[in-house]
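Chemist: Fit chain Z to the known structure of chain V by using the hints.
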Amino acid sequence: MSENIHERAQQLISQERIEGISASDNTWLATHLQECESCADFARKTSAALRSLQTIPIALPVGLAERTQFRVGLRAQQLRQHEPRRRALWIAAGVSWATGVASAPFVWRLFAWLGEHAGVPKLVWEMGFGLWWAVPALIAAVVLLSEHEKQSGERNWLQRSQ
Amino acid sequence: MKDENKALAQGLQRRDPELLDRLIEQYQFRLFRYLVYISGDRTRAEDFFQETWIRVLERGHQYDGKSRFEGWLFAIARHLVIDWQRQRKVQSLDALTDPEQAHPLQVKDQHSASALQAILNSEQDAQVQGALHEIPAIYREVLLLRFQEELQIDEIAGVLGTPPSTVKSRLYRGLEALRVSLEAGVS
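Chains V and Z, in that order, give the protein sequences.
For what it's worth, numbering that gives the first Met the number 0 labels the leading residue of the first sequence as 0, then goes sequentially.
For what it's worth, numbering that gives the first Met the number 0 labels the leading residue of the second sequence as 0, then goes sequentially.
Isolated chain V (complex conformation):
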């Protein structure tokens, strides 16, 4: 029973630091710590361990913040330069999609008419129509992918420096 009391006290000492304890637990613990030297010692060691964590100084490399600010500034500039191009690409893709949707019935008829006159099998001109629809999206995807590749290439400095 008495062991349980010490276990409870030590549990509360940790809990108080980690997630907090209720006022009644706090009162009980304070009373117990006044009476029990080994639990008080446990509390002191816990405090010392945590204080030691908080007080370790780590020297910052000289000019780290300035170097970082410079790099971030350069990257921000790059992003600003790419932004109008990217916006234009999205607008073009949007316009192309809207035009594609609006003109689809006419283009379908056109493909059918051409296919009939040229004697091309139905499957072929249907595939032609599909391609006509997919090409703008494919171009946009290729441009975006190439941009992404370029960016990851620029950022692979971290891997290369290993």
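The hints are simulated quantities; they were obtained by calculation from the structure and are not laboratory data.
Ideal Cβ placement from N, Cα and C applies to all residues, glycine included.
Zero decoy hints are in this set.
These stretches of chain Z come out as covered by chain V in the derived footprint (C-beta under 8 angstroms, 3 or more residues):
| no. | segment |
| --- | --- |
| 1 | 13–25 |
| 2 | 28–34 |
| 3 | 142–153 |
| 4 | 160–171 |
From chain V, some residues computed to sit far from chain Z (all C-beta separations above 10 angstroms):
| no. | residue |
| --- | --- |
| 5 | Q33 |
| 6 | A92 |
| 7 | T98 |
| 8 | V106 |
| 9 | G118 |
Keeping only pairs whose Cα atoms sit at most 16 angstroms apart, straight-line, the calculated EDC-like set for lysine to aspartate or glutamate is:
| no. | chain 1 | residue 1 | chain 2 | residue 2 |
| --- | --- | --- | --- | --- |
| 10 | V | K44 | Z | E182 |
| 11 | V | K44 | V | E15 |
| 12 | Z | K65 | Z | E3 |
| 13 | V | K44 | Z | E175 |
| 14 | Z | K167 | V | E18 |
| 15 | Z | K167 | V | E15 |
| 16 | Z | K5 | Z | D15 |
| 17 | Z | K65 | Z | D2 |
| 18 | Z | K167 | Z | E149 |
Modeler: Quick look at chain Z alone, frame taken from chain V:
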């Protein structure tokens, strides 16, 4: 606090250069210290530090201002270190710390009043560092986030991507391990 975070989120969305400069200065010590501890390598921590801020710039629009900025910042930093580990096919954070090659946690006492004090402080620091290295990395990390960075349990859970209950259990075990390790060091 919420308003501050909202303003921060808006600034990050705009990629406000002054805001970024201020944040880099404000968080330089805490972020660098965290990176040194989790990567176990000061030189590498410098690279991670810079790369973290590049990511903050690029992905600033993803920060919604609902939580504290430091939680989001540490999560980015942590992912970078984990990606680097994966590239190196290292299985655990502990495996990154090679005491022969890297000298993580090199401590320089900048506030020593005397030579004797400096020696005493450095001995104490070395003891704490030693104790920290005895602890498994998953425990060390939560202890640092909770007691150095003073993040709340749910914020730590956000950084680690684990449930708060896991964070709590790691904290209890980590605290116990730290106590044991420090005691062993003293004796």
